[in-house]
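Colleague: The lines below spell out each chain.
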Amino acid sequence: MKKYNICVIPAYPLENVQLLKDRILIPYVCYRHFGNSLTIVTQKKEDYPYLTYLEGAQLHVLPCSESLSHMEAAASYVAANYTEIDLLFLFGARLEYTELALQYKALRPDGIIYLKLDMNSGWANALPLDHTPYAAFLDACDIISCEARRLQHLICQKWQRTIEYIPNGLYYPLYPSMEDTVYENKDNLILTVGRIGSVQKNSHVLLYAYALSYLRFTTPWDLVMIGSVTPEFQEIYDVFCREFPEIAPHVHLTGSISDKAQLHAYYRRAKIFALTSQMEGGSPNVYAEAAGFGCTILTTDIDCAQDMTDHERLGRIVKDSENIPAYAQALSALCSDQVYLEQNFTAIREYIHHYFDYDHIAERLRLIIEDAASEKEIL
Amino acid sequence: MNIIVNDTHIILQTDDATASHILLTKPDIADYSNVTTRPLVKSYHLIKETIWDRFCQCVQDTAKHCTDDVHHDCYAMTFSALYPALLSNSQAKNVLYYGQESAAFFLSFLEDFMTFLQPDSSLVGLSPNPFVFSGLANGSFHAAIIDLDAGCDLRTICDVLTKIRKNGIVVLYTALDAPAGDVATLLSHAAKTVFSSSALYVLTIEPALCDLIYPYSSEALVLTYTEELLTQIAELKSLIQNIQQGDCQPEDCLYAAKLLARTEKALWAIYDYLEDCRLPVYANTLKEAVMDYYIGLSDKTDHPGYSDKLSLAAQDFFPAIETEF
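Heads up: the sequence lines are chains E and D, in that order.
Be aware that the first sequence starts at 1, since it is given in the working numbering, and climbs by one per residue.
Be aware that the second sequence starts at 1001, since it is given in the working numbering, and climbs by one per residue.
I should point out that these hints are in silico values taken from the structure, not numbers from a laboratory.
Because the structure is a prediction, the values reported are computed rather than measured.
There's no promise every hint is true.
Once the Cα atoms are required to be at most 20 Å apart in a straight line, the calculated SDA-like pairs of lysine to any residue come out as [what the hints assert, rightly or not]:
| id | chain 1 | residue 1 | chain 2 | residue 2 |
| --- | --- | --- | --- | --- |
| 1 | D | K1258 | E | A372 |
| 2 | D | K1265 | D | F1325 |
| 3 | E | K3 | D | S1127 |
| 4 | E | K158 | D | S1127 |
| 5 | E | K376 | D | L1254 |
| 6 | D | K1265 | D | V1222 |
| 7 | D | K1300 | D | L1254 |
| 8 | E | K44 | E | S76 |
| 9 | E | K44 | E | R32 |
| 10 | E | K186 | E | K260 |
| 11 | E | K158 | D | N1129 |
| 12 | D | K1265 | D | E1275 |
| 13 | E | K186 | E | D222 |
| 14 | D | K1265 | E | H153 |
| 15 | E | K21 | E | S76 |
| 16 | D | K1265 | E | L367 |
| 17 | D | K1265 | E | W159 |
| 18 | E | K158 | D | Y1271 |
| 19 | D | K1265 | E | I143 |
Here chain E is said to cover these stretches of chain D; the calculated rule only asks that three of the stretch's residues, wherever they fall, bring their Cβ under 8 Å from a Cβ of chain E [as the list claims (entries may be wrong)]:
| id | region |
| --- | --- |
| 20 | 1221-1227 |
| 21 | 1283-1289 |
Ideal placement from N, C-alpha and C gives every residue a C-beta, glycine not left out.
Next comes chain E alone, as it looks inside the complex:
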C-alpha cells in the first residue's frame, strides 16, 4: 500500500476550532491510515492548542505580510515543496484556489488533488462555471466530494463529472466519553450547538418553537443553546425572558464552550439535538457528534437532512425553516415519545458508527485515491 505525503491548504488562515472539524480531520485520519506525513499549511491567525489532539501532524506557518497574502504564500510553498506533496487536500470550491491548484498540477502531474466542496445547493447554483480559470481549477481536481446525497445529484448533473459522497463524520478517538454513554443517564434536554443568532442558524426559530412546545410538555424539558451569541440574538433572548418569565429559566445560553469534556457532557445528557439552520455548508459537524452521543435529530430541511436522519428513520425533518409552529409541533411530538427516543439512541449510534466514522470514510477515500492514482499511471 502506498503511503502518501499529504498537504492541507485552507483557502483562508486557519482558526484553532477548525483543527477538529472536517477540513483538517479528514486529511488527518487519511494520514493515520495511509499517510507518510501530514502538513497543514496556513497563515497563523491565532494559537493552535487543538493541534495537540492531532498527533503526528505538522503545522507550517506561512510567512505572510501585508504584501504577501495567505494564498500567495501558499502558492510559494507549493512551488518550493511540491516534490513532498503526493496528495493535496483543498477545502471549498473557492476561486482563490485556482492558481495554486493549476500550479501544483503543472509541477506534479502525477500528484492527486482532492477537493472537499463544503457546499450547499444555493452555493452550487451560484458558482462561476463559465469562468475559464475556475473551470480549469475544477478540472485539475482528481477527486471532488460533497457532503450530502441531494447535493451529489445536483452537482453531478451540473458539472457532469463524478462527485463522491463523503459526509462529515466523527473521529472516535476524540470522544473518549462517547462509548460508555447510556440512555438512562440522559435528561429531558434539547440541545443545539453553533453560532447562536447567526442568520444561517436561525436560532430564534428554536427559541420560540420551544416556547410553543413548552405548553404541551407533559414532563419538563430544558433547552440548552451552546455557542457564541450574537448581540442581535441576545436582544431577542432578553425580550423572550420578559415575555415568558415562566419559560425563561428553562432556556440556557452557555456561551462558547471550548473545553471538549464539558461540551461532551452536554451531549451525553441531551436526548434531542435541534437544528434550525436555513442552510449549511456541507453538513454540520455537530450533527455527527450529537448522533454519536445518541441524540435524536430534529432538523430543518437542509441539504443533508435526509442523510442525517436516514430519511427520517432516525429523526425528524421540518420542511420550512421559518415555520415556527411546525417546528414546535415536531419538537413536542418527539419530546412526548420517550419510547422512540430510547430506541433511537441505539439505532442512531449504530448508523453513525457505520456510515460516519472517519476511520471507515478514510478507508473508502484510500480506495478512491488509489483508483485515481492507478488511472494516472495508465495514462
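For chain E, the structure is supplied; the task is to place chain D on it using the hints.
Modeller: Just chain D now, with coordinates in the frame of chain E:
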C-alpha cells in the same frame, strides 16, 4: 484586409498590399447576363440586382463590420468557398454554423445572401457545445461552416460531417495555429487555402470520407460505449449477486468497485445521450456501497447495514440500466 471588387473579380488584399487572393471570378455565362451558373431566380429579376452585385455587397459589408475580428479573412474566404454550393441548383439550402458568437455579423450577411438566392434557405447557428448535434438528423444539411478556433475536437467535427448530405461541403477555418493531431489528419483530406495568417479547409462529403469519419462520431462512440457497458454490466450483475449471497472474496469487491468506477466514467462519456441522467450517480452509489461492504469485510465489522445498502443501491442501478439500454 481590403476587399477589392472590379468587373471580373473579388480580391482579398492585405492592408499593406503585399499579398492578395482572388476570392471569386465572375462567371462567364452568356445565357445569364454574364452573371452566374445559377438558374433563373425570381428575386433576381424583381429587385433588379444581380447575384454578383449582392454577393460583392455582402462580402464588403462583412469586411466592414468585422474589421476587429481576427477571423475577418476567414469570413471572406468562406463566402467564396460556399458560393458554388449555394448556386449549384435552385433548391433552398440548409447551412449549419458551429462557432463563436463573434461571428454574428458574418452570419447575418451570409444569411442575407443565401435568402437572396432562395428565400427558403436557412442558416442555423449553433452554440459551441458538442451535444447540439444529437438533435439533428444525419445528412440534413447542404453545407456546414466550422470555426476551428471555437475549441473543436475530432469528434465534434465528425459529428458535423455526419449531418451533411452527400456531395455537400464543410468549410473549416482558423486564424490561429494549424490544428494538430487527429484533426490535422482529417484536414489532410481537405482542400486548403491560406491567406495571411488564416487558413480555410473545404471537405466534400463523399462515401470514402464518410467511412473514414464515422468511427469518430458521437453515434459510433455511443454504440461502442454501449456495447462495452453492457458487457461490463453483465459481469457486474453476476459479481454483485455473488457478493449479496456472501459468495465472494474481498478481492471480488475491489474488482467490482473498479468495474463500477469504469462504468461510471463510460456513463459520463455518453451523459448527454442518456434518457435517465441519474445513471452515473447510481453507479457511484453502488460503487460506494461495494466499498463499504469491502471495508466491513476487511475490518470485521461486517454490519448487515452494508449489505442492505448494497441491495438498495443495486435495486436502483440495474433496473435503471435495463430501462435505458
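Colleague: Take the hints in turn and mark each one as holding or not.
Modeller: Hint check:
| no. | hint | in the structure |
| --- | --- | --- |
| 1 | K1258(D) x A372(E) | 11 Å, holds |
| 2 | K1265(D) x F1325(D) | 16 Å, holds |
| 3 | K3(E) x S1127(D) | 46 Å, violated |
| 4 | K158(E) x S1127(D) | 18 Å, holds |
| 5 | K376(E) x L1254(D) | 18 Å, holds |
| 6 | K1265(D) x V1222(D) | 13 Å, holds |
| 7 | K1300(D) x L1254(D) | 16 Å, holds |
| 8 | K44(E) x S76(E) | 16 Å, holds |
| 9 | K44(E) x R32(E) | 24 Å, violated |
| 10 | K186(E) x K260(E) | 18 Å, holds |
| 11 | K158(E) x N1129(D) | 15 Å, holds |
| 12 | K1265(D) x E1275(D) | 17 Å, holds |
| 13 | K186(E) x D222(E) | 12 Å, holds |
| 14 | K1265(D) x H153(E) | 16 Å, holds |
| 15 | K21(E) x S76(E) | 26 Å, violated |
| 16 | K1265(D) x L367(E) | 16 Å, holds |
| 17 | K1265(D) x W159(E) | 13 Å, holds |
| 18 | K158(E) x Y1271(D) | 11 Å, holds |
| 19 | K1265(D) x I143(E) | 13 Å, holds |
| 20 | 1221-1227 | violated (count 0) |
| 21 | 1283-1289 | holds (count 3) |
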